[in-house]
Amino acid sequence: MSRIGVFVCHCGENISATVDCEKVARISGELKGVEFSADYKYMCSDPGQTMLKDAIREHKLDGVVVAACSPRMHEPTFRNACAEAGLNPYLCEMSNIREHCSWVHPKSDLTTDKAESLVRVMVEKVKKNKALNSIKVPVTRTALVIGGGVAGIQAALDIANCGHKVVMVEKLPSIGGHMSQLSETFPTLDCSQCILTPRMVEVAQHPNITLYTYAEVESVDGFIGNFKVKVRKKSKSLDEHLCTGCGLCTTKCPQKKIPNEFERGLGFRPAIYVPFPQAVPNKPVIDRENCTYYIKGKCKVCEIVCPTKAIRFDQEDEIVEVDCGAIVLATGFDVLKPDFFPEYGYGKYKDVIDGLQFERLASASGPTQGMIRRPSDGEIPKKIVFVACAGSRDPAKGIEYCSKICCMYTAKHAMLYKHKVHDGTPYVFYMDIRAGGKNYEEFVRRAIVEDETHYVRGRVSTIYEKNGKLIVKGVDTLMGAQPVEIEADMVVLATAGVANKGSEELAQTVHVSYDAHKFFAEAHPKLKPVETNTAGIFLAGACQAPKDIPESVAAASGAAVKVAALFSNDLLTREPLIAVVNRQAPPVYSSCVGCFLCQSVCPYQAIEREEIKNRNGEVIRTLAKVNEGLCQGCGTCVALCRTKAIDIYGYSNQQVYSEIMALLND
Amino acid sequence: MNDLIKKVTQLLDDKTINVFIGYGQGTASRIRTIFVKNSSQVENLVYTSDCTANLAGYLLKHEVKKIGKLGILANDSALRSMMQLASEFQIKDGEVYVLHAAKDGSFTEFADFQSIEAYLVTIDTGITSDEQERIAKLEAMTVKERWIFWNKEFEKCIKCYACRAACPMCYCHRCTTDVNQPQWIPVASHEQGNLDYHLMRAMHLAGRCVNCGECANACPMDIPLNLLTYQLIAPIRTTFDATAGMKADAVYALSTFKPDDKENFII
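Protein chains in written order, with this note's numbering: chain A, 1 to 666; chain B, 1 to 267.
Be a bit skeptical, because a hint or two may be false.
[As the list claims (entries may be wrong)] Between beta-carbon pairs, the in silico distance windows are:
| # | chain 1 | residue 1 | chain 2 | residue 2 | range |
| --- | --- | --- | --- | --- | --- |
| 1 | A | Lys337 | B | Val143 | 54 to 60 Å |
| 2 | B | Asp112 | A | Asp570 | 48 to 54 Å |
| 3 | B | Gly94 | A | Glu99 | 55 to 61 Å |
| 4 | B | Ala234 | A | Asn80 | 50 to 56 Å |
None of these hints come from the bench; they were simulated from the model.
For every residue, glycine included, the Cβ atom is placed at its ideal position computed from N, Cα and C.
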């Protein structure tokens, strides 16, 4: 007969306001196998835990049910308390009568009845619980950082400065990300490149950081502490050790009219190119899609002019295997594609540009050397309209969220414009000005008051060209929805920040979850903002949601601390709630028939083959076996096993069945 | 027929195999399975148009396996069963001697899985017009009518487990039906227990059944069990482009994930 203790928590009034906790404790005490039951105002408090520990010792309890909040909240608390009282922690279970009961039902007898049922279910489960021991696995103290933008750079440097090895993978030829494209940054108007490029160089020179640019993650196997990652280093058609980065090849390349991605199509680049002058590494790559040699089979001008003979036309992609203990995802964001706004004429009118293009125009290293010149004829625009929320906060178009950075950068754009074109007039169409953040509101005020930006609260319905002017038709909602029409020389759309291209595929490769907008999902929106639901994989920056630079950097440092904490132990302790394939005495050995469907379904490659041999060494059976280090206890194999040979510790078929029967047999 | 006898005699004489699984004359006019262990028994082999049973199920039976090396007279269904069993690591290439009996009465030797696979892509894996008709009738029913139909059929079940014994894919040493901790499937042959058992079996055959019809043939109560398993063959074929028993190294459609899998079944 079991000797189970039931402890019912009032959670202040969180539970007791709608559930009669005393009654739940009294009724539970009468259940078969329950030796002791009590209720208390705060079970998780020190007196509450002491009460639990004393009861375990005094009544020689062999199982504990704590009826309180979600196990996500306090299961570790009570399991530790049990362990301190000498009871195996896995003989303690939580019955969630708060989230599953008191919070979601009104005060009534029915609510108390439900709480009693939830306790009864757990009592039946605990009767079948087994004492388990935690699993220890070694940790590989190398972190993989995917993405070389400001978030990735920050995370990599922080981890590397803790003394751990870092491998950074960037898909473009240079690290730097979107921040390297920016002109100045809000709210201080300091030059983006000036603050970023030293950090990029630091990454390249750091003894603990290995940098793979022009590379992508191909596959991720393994688990926290022991990931095995395959990285595809795309061929740069170049021997990086020989290349000195002199840049002669880029000047001689006959292909000169390829739209420059870094300049957002406002400039051109050759087929062998360095994305921008401050690139890290400052060595070119050949864009094979546009290279004359790869298209027509002859040219090789770069090879001829290269003083160190570093060009390798026959170079192939290389697969590098990286063993790492943690992964930081810092793959950033993208801006909405132009075809999203047919009414704004993006793509149709050359002088309707997006915010990132404006950054390049305003940048001293940009295509106009920092002069604000419109793309169509190079004239300086005298009247410029900024349209905030181009795509954002527009449920009709499928983006209901706020892109967060646009209000601030639009104010910045207006200021930069005014600083460069003193007689110009900037207009901003906005829905609301969201300037929460240190010195942010002051910054926007400056744009309005000191730099005389005309803020018009309303949305733009259409933009069309008439007599060489862009007619912007909108409405001013503060003037009684009065229609507004502005004859502008140039229009800048603050396009919504969206998930990066390929983020869905990457999420599937790395095994993390993502939201409806394909941004990576954090484990908890408040308490675990940089963790993912996959242990050992963390998030930094705008791959999670649109973020500005300070926020991205803060998140990156947060992720770095999580990684450093993980690497601070020699062994990782894991919960033993894993799958197990049964074993029995010969000649049965196991009810496993070795069909290995579990092997194909396992998302963690945790199923191995075990050969059972007779005395002569002949294989008589081949059975499935679970690798304890790899198994995450997801239970997919259990569901697929026809012969029920697999079970999960802590959630065994028998336990779950008992729970269901406890409910049905009421 | 003489070819068959000559071939099997030779196989047994030169010890290529220890037993040959084929068809023989049963009581009355029925055809039964026979296990030919030496050349003196070879004369018992018959092959007529009534020899339609899928013999692959015997390949994994303990009593048969322990005799030694096996040879089998395999029809199309048996070949497909063998491919499915191979994909589930139950038989290995070269382990079983395969003599294929074509519908026209000719016999061909298949040396390895590769030649079986090559042959299988040429055959029609569809269902007979008779089956098609019965399935169309079922599909024309409303959900409620179909529920009544199946409950009525399952009411007849006496839980003799002949369907399980006849099915080449029911090779588990311990069937879920026999698990009693917890007792997933009620043992008694009452309405609920019968429904549980047959639905469980159908689900376990999803994506694995080759539609040989042995379950229905074996049923002493004439329950059309193959119609039940067929209901899972068709959607797996259309949804995942997967047909059971075509390749020895096939991956199971329901345990693997492809990014371009259709998700139209998710509500």
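Cross-check of the supplied hints:
For lysine 337 of chain A paired with valine 143 of chain B, a C-beta distance near 44 Å fails the hint of 54 to 60 Å. For aspartate 112 of chain B and aspartate 570 of chain A, the hinted distance range of 48 to 54 Å is satisfied, since their beta carbons lie about 51 Å from each other. Between glycine 94 of chain B and glutamate 99 of chain A the CB atoms are about 58 Å apart, so this pair conforms to the stated range of 55 to 61 Å. Remark: the range hint 50 to 56 Å for alanine 234 of chain B to asparagine 80 of chain A is upheld by a beta-carbon distance near 53 Å.
In this structure, only the earlier hint numbered 1 is contradicted, and the remaining ones agree with it.
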